[in-house]
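Novice: Line order of the protein sequences matches chains A and B.
Counting along the first sequence from 1, when you hit position 302 you're at 378 in our numbering, and nothing is skipped either side.
Counting along the second sequence from 1, when you hit position 273 you're at 289 in our numbering, and nothing is skipped either side.
The set of hints was computed from the structure by calculation and includes no laboratory data.
Warning: the hint list may mix true and false statements.
[Said to hold, decoys possible] Only part of the chain B face toward chain A is listed, based on derived beta-carbon distances under 8 Å:
1. D134
2. Y136
3. K179
4. E182
5. L198
6. K218
7. Y222
8. L227
9. K375
10. N392
11. S561
12. N820
13. E823
14. R828
15. T839
Ideal placement from N, C-alpha and C gives every residue a C-beta, glycine not left out.
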Amino acid sequence: MKFIHAADLHIESPYQGISRLNSELGSALTELGKKSYANLIDLCISEKVDFLLLAGDSFETATGSLGAMYGFFEGLRRLEQNNIKVYIICGNHDPLGDWSKTFKLPENATLFGSENVTFELFRKNGAPVASIYGISYEKREEWRPLAKEFERKDPAPFSIALLHGTLSGRHAHIPYCPFDLSMLREADIDYWALGHIHKHEVLSEANPLAVYPGNLQGRHFNETGRKGCYMVEVDEKNITSKKFMPLSELIFNYHSTDISGIEGESELFTHLGELKYEYLKNESECFMLRIELTGRTGIFEKLSDHDQLNNLIEEINRENKYKGRFVFVDKIINKTQPQIDLEERKRSSDLIADLINRFESYESDPEKLRALRDKIFAEIKSARAGKFAEKPEEDQELKEILENAKWKCIGGLIPGKEQD
Amino acid sequence: MIIERLYIEGYGIFYNKGIKGFSKGLNILYGMNEAGKSTLLDFIRMTLFGYPRQHKDRRPPLRGGNHGGSIWLRNSQNEPLQIYRSGSGRNGFKVFYKNREHADEQLLKKLMDYASEDLYHNIYAITLEELKSVDQLKQSGVEDKIFSVGMGLSGVDFAAFEKELEEHSQKYFKPGGKTQILIELVNEIEDKQERVNKLKKKLEEYNRLNLELEDLNKKQKETDEERRYLRQQEAFYSSCKKAYPHFVEYKKAREQLESLGEIPAHPLQVLEDYKKLKQKEENLRSRSEESKNKISSLEKKRQEIEVDEILLKGADIYEYLNTNVNVYEKALEDKKELEQEVKRTETGTADVLHRLGDKFEKEKLLQIDGTIELANAGNQYAGELVKTDSGIERARDKIRELEAYVESKEEKIGEIDRQINEQPVKDEESLMAARESLADMDTRFKTSLSAIQSQTSGTQKYLQVISIIFSFIFLGSGFYLVQHSLAAGIAVGFLGAAGLAATYYFSRENKEAHTRDDPETLNREMEALKKNIEDYLELYKKKESLEEAKTELQKKLDNERELLKDLEKEKKELLGKWREKLESFNIPNEFPPGNISDLIREIDNIKRFERQKSNALAKIEKHNQIIWEFEESVATIKPISNIQGNLHKVHLLIKQIGETINKADQKEKLSKDLEKEKTELKTLENELNRIEEEKEKIFKKLNVENETELYRIFEKQEKAASLENELKTAEAAVKSVCGHEKFEETLEFFEKTTPESISVKLNEYREKLSECEKRYSGINTQIGSTTQQINDLLKPDEMFDLQNQIETLKTRLREETNEWLATKMALEILSESKQRYEEEKQPAVITTSRDYFSEITASEYTGLKVSLGEKHVSLKEKTGKAKSVGELSRGTREQLLLALRMGLISEYEKNAEPLPVVLDDVMVNFDPARAKNTASAMSNFARSRQVLIFTCHPSTVKLFEPYKPNLMEW
């Protein structure tokens, strides 16, 4: 028996955190976003799997996109034409209560309800070979530990459970439907097909095997690396193989590079171009890149200038063609060090020293910094421009803004003197 | 810190330069223009704070030496230290402090209390250029400058920087603004959000349409069922309506059948047979009647036809005559034409022979073959003969021409001979004699001249010179002529030489003989003799030339004659060969080759005439045969005299024969038809008898007497059968409506109902059905429309793309908001620093500066006020009147700035290591009084620090003399 386990498809959920988008890139991202689901269906058909497991968040009901739902159902219909069954549960992004009543599931698809954990038997040549258990979210928020409600009560030699939840202790995500490994073991299920966490991971290798396949396609820079599904082969009772199958053709990635020694913009541009070229050598994937610059450089002030940095990014992306493979630089993060030694400079007793010290006082006092933020933000919040404005809350982000402010002052008040 | 001395290894214009003797307090460094003041200032700055990265700013040594140098200093703790810094390479820094060498820059920075290079530049180094730049600022610029100075940012326009930050932040957000970055992003997000919201409605719409579609499908099903039922009812009553008349027929047929009673059944076949016999009988009677009539008609026609036996005999050859009469006529015509043609060919042949002449015979000409070869040969020989004749002609012309030339030359030579004969000097002999005579005369001439020469030696000498000149001319001419005529050249040359000799001789002898001869007479004679000689020589020369030319011409003439002979010989040979050629063809050999084409043409003509004649005669023979055969045939039937002139009679005869044949054929045919018709009549009569017998048999069989009775029986039988049929048909129609099993029932139904009530019901159901069909059609249309709407909704849209764009815009909004926030933070914190500086530091700076300014202006200004809020600087005169910076003179503004710098330095050094203050000729624009006051203030200022004043003005040096500065000339 062979099956594929996927989760968090998030079909046509928008990309987030991308700083710039032109119409060609937008079209390319749209296509690539749809492609990962198509790749999943193609994989099921080409591998002739017995069934597909979808562990929640297949699409985003909040977006209200008819196209997303329709696209999802069309994929199920393709599997039906190839006699491949599909077992589906709903997650927090596609709770059962939000599903459109007018979309009819094809005959090959089973959508588990939200009242109780139920199971379906999968038969081959008339005999049951696997049982699949599942329960859906009725609403967006599900805090109950639903894993406790799973209990094996079928005659099939192999059992699978579909659950959309969070392993206790993992706080990177909203901890809906929390569970721990002991709950999974107690249910006497052979394979836990999990969903909700977008990074693929094997939580438990055996007794039971519990897998997060991750999502099909990264949607922002927090979801870097390759995305896909898991393909599992079972010989009666035993799992003979499990394999991560990458499906996404667009990869979000951070890349850090040391530019010490680079003293001019042209040189930097060439360096970044070479970096980009290395990524372009990949023949099957496109990349969205954020490049972090480190090291000590004489062009630190230029890199601190918001407009100049934007211009540099535009230049790097200018020659991109978005048909086929491309590498798009979304952001350049300046983590270089200036050549001015601020520690020395602040020891003087002039205004500049005072300024540096003042900035440092804000940096070391988050409360004070937040108060400054609030004072300034009050100006915009009541205005129309502040309609969608979000006050930066994270200390780290505030510190970066403060750092930017500091270098605006220092760069403007101390003309660039480069000493030996 | 104070500088004690410095040493420059190589830096700018300096090479191996040491300056020592610096001290605390005032140091005046006096040097001429171009001495290197600014170079020295840069050396101090770079040694203390480091060399700039740009090579061009590092002042590389121009006169050699290692780039760099050392400065010796003493700090405020009175500790000595030495700084060495190299201008090239990274390892060129050392600090010697407390008897140790350090390579750590940090130590130096620490010793200088971390004073930065820009701080030094902005505070401690005061230059004239900087002061001058202040003069160009407007009032607010000056105030800004003052503030900047007050903050120690002399090199930066602080206000401009603040303004730049403010403008940058306003690019992102400005209260009330509508075009800033953030507001534009918000507008864009809202716009796209609106579009997304519209697209979201698609899902609702989709759901609604799907429900609508379900409902419509349900209605369609119900309506369809109703429709089926109504159709059934309509069909039933419609059939009833159709079947009711059948029911009526059924009923009627049944009644009539009953009324007929019992009828014996005879096979209908018997009736059929009888009818057939009857029919046959009628036909036969009709035909026999026709036959009789026909026989009568045939007999009449046969009698009317008469046939000519004689013409009938021509029936055998009628076809031949009919077919060939035209051929015969054609043959007669053609024969005439051919005979004319024969005559023409004979005439043509005679003409050719006449043209060619008696020497040509027809038979021989006809035998000539290979005319092409002959034509080619003729052309070839003709061409060569033409060439030869042309050459002969040309040679003859040439010979004539040359003969004429030779004759001309001879005439000319004769003429010259005649001229020579008339000359005194006419031959060699007379020439020699003349020359001798001339020589003698010359001697005598000279002799006579020499006598005269003692009186007139100049004249003699002159003549000698002339003589010598002429002699040389003759010599030269002789050399030249030798190249053309040896004799002439020698002769002339000889004359020249003789002249020289004579000149010499006579110059010696003339002295003695001058009294014997008259020079003039001698001279004349000599001239005459010379002329004779010259004339002879000239004529001789001409004659020689002509002789030569004539010889040349004669040679050419001989050559041409030879050529002519050759050509004539060649021509003769060609003509001989041509004759041989003609003889080989049996052609008279006088025929020129150029005309051979004509001959060949005539030969061809004769041959052609002969061929034509022969052909014509052959054809005539054939035509004669045809003519004879035809005429013989005609004669066998009916001879016609002069048949060739009476062709119309021939045609008439043929026609008559044809008509006779036709008549005979017609008569034959009529006889045959008559016979046939009689036979037919006989047969018909026999058949009629047989039919009569058959009819009797039938009557007997049916037991009837006659035909009438027979028909009556069968009518009755037919009627019964018809009624049976009607009954069955009606029954079948009724059964088709109600079904076989419901037949009786239906009959009962029909018994009880009426056609009118059936019609009413039928109409009723039809109406209902029509309405139902309309409803059904309407539902189908709605289903189609709804399905189409659903399909339209499912077409790919821009929802996903829009949502991506919204997210990107939100990200950008966040980033730009952060950029705005950073700019605003910068402004805020900058403002805090500035405020603090203005509140805490600036007052002390202002107070100290005010005092220095007051001293410089000799208390003309006693007050200096800085308004923090409005950034406004004002001064108070000693009279108490307030004055703004803009109202100050240029010099006073400079003084104010100088005072501020001094105040700032004083304030700075309260908490930091003092550094050497450098002033670069800053007082040049001060009036003497103010300059003096400045010197005083400066000396006070220098008490607690080192001040280096660079100047190239002796007046400046003098100003400081009262204060006993450390004067250093360099």
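Novice: Run every hint past the structure and note whether it holds.
Specialist: Hint check results:
1. D134: holds, 6 Å
2. Y136: violated, 10 Å
3. K179: violated, 11 Å
4. E182: Since the shortest Cβ distance to chain A is 12 Å, the answer is violated.
5. L198: Holds: closest Cβ of chain A sits about 4 Å from B:L198, inside 8 Å.
6. K218: holds, 4 Å
7. Y222: Holds: closest Cβ of chain A sits about 5 Å from B:Y222, inside 8 Å.
8. L227: holds, 7 Å
9. K375: Nearest chain A Cβ about 104 Å off; hint violated.
10. N392: It is violated, given that the least Cβ distance between B:N392 and chain A is near 82 Å, above 8 Å.
11. S561: violated, 95 Å
12. N820: holds, 5 Å
13. E823: holds, 5 Å
14. R828: holds, 6 Å
15. T839: holds, 7 Å
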